[in-house]
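Chains A and B supply the protein sequences, listed in that same order.
For the first sequence, the numbering used here assigns the number 1 to the initial residue and increments by one for each residue that follows.
For the second sequence, the numbering used here assigns the number 1 to the initial residue and increments by one for each residue that follows.
Please note that the accuracy of each hint is not assured.
Said to hold, decoys possible - Straight-line distance between alpha carbons at most 30 Å, and here's what the computed DSS-like set of lysine-lysine pairs gives:
1) K106/B with K80/A
2) K109/B with K42/B
3) K68/B with K109/B
4) K79/A with K42/B
5) K1/B with K106/B
6) K42/B with K106/B
7) K1/B with K42/B
8) K68/B with K1/B
9) K42/B with K80/A
If you are wondering where the hints come from, they were derived from the structure by calculation, not from laboratory data.
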Amino acid sequence: SQTIHQWPATLVQPVGSPLSLECTVEGTSNPNLYWYRQAAGRGLQLLFYSVGIGQISSEVPQNLSASRPQDRQFILSSKKLLLSDSGFYLCAWSVGRQAISYNEQFFGPGTRLTVL
Amino acid sequence: KQEVTQIPAALSVPEGENLVLNCSFTDSAIYNLQWFRQDPGKGLTSLLLIQSSQREQTSGRLNASLDKSSGRSTLYIAASQPGDSATYLCAVGRGGGSQGNLIFGKGTKLSVKP
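Same shape as in the complex, but just chain A (with noise of 0.2 Å):
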């Protein structure tokens, strides 16, 4: 069965210092990946996707950036973390391969983000 990881669970992080946050997934090949935020009163927005190693789409321009260095490896970074960049951030994961998903999107257990 497919598994998806997330770490660390939680972060407290000062403005200005950088970040890393890493997501990986079991049991399946090719996976579409996902990056998406959570802030208080303000729903899910997806920041980046990835069909494939090294293929980052990025949905909002941000002061986050986003790299799949192996197949079922994505990372989230930022240079210099921002007091809006706190909230809830989930990684995701759909079956792949093709040009159109239909599929279901899983959701990792997330890392809690505050800046301060």
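Position chain B against the provided structure of chain A, taking the given hints into account.
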């Protein structure tokens, strides 16, 4: 631009009651619609996925319907239990070059009282 709205934002019901959660979307050109459950501080759990060609899906006490032409979906929960208390999120899937990316509503927070 696709917008997804969920009404009501919060709902409190006594245990055993049947209930309906509503989801509406502005652009009927969707590829699928997915219902999720989120417990406080946790990730999302997929409940039901309805493809655009389908009218409904059922899983246990849950039934989700989809009416693309009117831009609506409902999640019906039968015989509610305190364990059903959570936030329920609706999301519509886009197609084409967006690889099925999901647009989420803000959710309905359900509380089932014993």
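Violated constraints from the hint list, given by number and in increasing order
Nothing - there is no hint that the structure violates, so all of them hold.
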